[in-house]
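Number of protein chains: 2
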Amino acid sequence: MKVLLVFAHPEPRSLNGALRDVAIRELEAQGHEVRVSDLYAEKWKSEVDRSDFPSISADTQFKPSRASKAAFTTDTLTQDVTAEHEKLLWADTLILQFPLWWYTMPAILKGWVDRVYAYGFAYGVGEHNDTYWGDRFGEGTLKGKRAMLIVTTGGWQEHYSARGVNGPIEDLLFPINHGILYYPGYDVLPPFVAYRVDRIDQAGFADVAERLRERMRTLATTPPIPYRQQNGGDYLIPSLQLRPDLVNPGDRGFALHVNRQGAAE
Amino acid sequence: MKVLLVFAHPEPRSLNGALRDVAIRELEAQGHEVRVSDLYAEKWKSEVDRSDFPSISADTQFKPSRASKAAFTTDTLTQDVTAEHEKLLWADTLILQFPLWWYTMPAILKGWVDRVYAYGFAYGVGEHNDTYWGDRFGEGTLKGKRAMLIVTTGGWQEHYSARGVNGPIEDLLFPINHGILYYPGYDVLPPFVAYRVDRIDQAGFADVAERLRERMRTLATTPPIPYRQQNGGDYLIPSLQLRPDLVNPGDRGFALHVNRQGAAE
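These protein sequences, in sequence, are chains U and Z.
Numbered by the numbering used here, the letters in the first sequence go through residues 1 to 265 in order.
Numbered by the numbering used here, the letters in the second sequence go through residues 1 to 265 in order.
Just chain U, with the same shape it has in the complex (with noise of 0.2 Å):
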């Protein structure tokens, strides 16, 4: 397996540092080849801004979806970004990993969305009128292919509980397992959480540690999250709501877009 590890933190001797290495070791044990993204060693640049698209003129009014649209038609998006799409190409399971900062991923890392995901390659993909709404939410560019977070929080894991007060951790993670990860393709394993990082000890690394070996161990057999397809009939379109009879009618929330009937779990 080919596995890209775009990596979020800005100390390699952090624990997620520790654990990157870790992540990594087991996956090239397993006969994996592994690639880093590792965006602070490379600086990479956050802002979607007019320079990422030099070809706009001066006077042109800047608008970030039709210039991501115009640059990848014409090949002129800038190298960093292309760089990345090489190699999420190139790989079969892609891995973001990042400490949880105000509830969800570093700025950097978001930047690493926002400038990556192109319109054409991310999203833009496929037909789109009023009876299919594009290639998207289990469809598109990255299909096939497998994607997972590793994540690390300084609270404690029944502060992100069910009934936790920070609100649950896969609701948290939803708009990046779902709206990022889920929408150009990818199927989107269970995410790795390691809780209350800061207070660590040699023991409750080795434990981590050992947790997320399992994970890279299983990482191509681990069932992904049955998130339903755009395009697979649960929604009518152009609405894009789930279809009434589908779910409780009362029902609410992210949980209603994971279809548990067909979980293997």
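Rather than coming from a laboratory, the hints here were simulated on the basis of the structure.
Take the hints with a grain of salt, since some may be wrong.
Stated by the list, open to error - Below, a list of computed lysine-lysine pairs in the DSSO-like style, where the Cα atoms sit at most 27 Å apart:
id	chain 1	residue 1	chain 2	residue 2
1	Z	Lys43	U	Lys69
2	U	Lys43	Z	Lys43
3	U	Lys63	Z	Lys69
4	Z	Lys2	Z	Lys63
5	Z	Lys63	Z	Lys45
6	Z	Lys87	Z	Lys2
7	Z	Lys143	Z	Lys87
8	Z	Lys45	U	Lys43
9	U	Lys43	Z	Lys69
10	U	Lys63	Z	Lys63
11	Z	Lys45	Z	Lys2
Once you have looked at the hints, place chain Z on chain U.
Below, chain Z without anything else, positioned relative to chain U:
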């Protein structure tokens, strides 16, 4: 009233730019003072890294929250960050305005949060032990102030409805409203959202602008989202889980953290 508007769109001549101007004009017409942090215009630095803490020696392991605490305590945060603190303390009301990119804020605004939300300012405030878990979620440095989001989306309102494929907009914005604004003490107003803005015509813009002006006129009187205070008795400490006698035990998701019985609407 004193209003700080943090603006995160790269093009002043955009719909976002026009809506910002509508909001500012209406606020000023009402006699309010307005200051703007225009993140792109100010070339805001998005990435938390070692250069934010020049007093850390090169051979010291960089721990972001520890470094943030030390810099806040010794008043050695960088000038761009302390300037934002001054504005946040000055303002009665904070508005964050941004286009929804990949279901959350653009990287540059996340970078504003990651860097401005220093330890001792936005978190790590108040006592912290096994019976009291800090002044947060309804208490903290910014308690008594109001905050709201102004958000634009390309997608349709139906796509962000209770059963829409993207997930409900209030759930997508929960990590921001609850995790970023309510956390350091803000009373959080319901967001202003303009949908389907890519194809908006003049009449559509006039409608959106009028809706926004109305929200600006009622900024001081709109009831906030009735989130449950962490230290108000609704949560067990230190597990920070919602008390078992509140809400049905089977219920879950972000909506649990809103006390609808106490709501004005």
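Quick rundown of the hints versus the structure:
{"no.": "1", "hint": "Z:Lys43 - U:Lys69", "result": "holds (25 Å)"}
{"no.": "2", "hint": "U:Lys43 - Z:Lys43", "result": "holds (16 Å)"}
{"no.": "3", "hint": "U:Lys63 - Z:Lys69", "result": "violated (39 Å)"}
{"no.": "4", "hint": "Z:Lys2 - Z:Lys63", "result": "violated (35 Å)"}
{"no.": "5", "hint": "Z:Lys63 - Z:Lys45", "result": "holds (19 Å)"}
{"no.": "6", "hint": "Z:Lys87 - Z:Lys2", "result": "holds (10 Å)"}
{"no.": "7", "hint": "Z:Lys143 - Z:Lys87", "result": "holds (15 Å)"}
{"no.": "8", "hint": "Z:Lys45 - U:Lys43", "result": "holds (12 Å)"}
{"no.": "9", "hint": "U:Lys43 - Z:Lys69", "result": "holds (25 Å)"}
{"no.": "10", "hint": "U:Lys63 - Z:Lys63", "result": "violated (37 Å)"}
{"no.": "11", "hint": "Z:Lys45 - Z:Lys2", "result": "holds (25 Å)"}
Hints 3, 4 and 10 from the list above are not met by this structure, while the remaining hints are.
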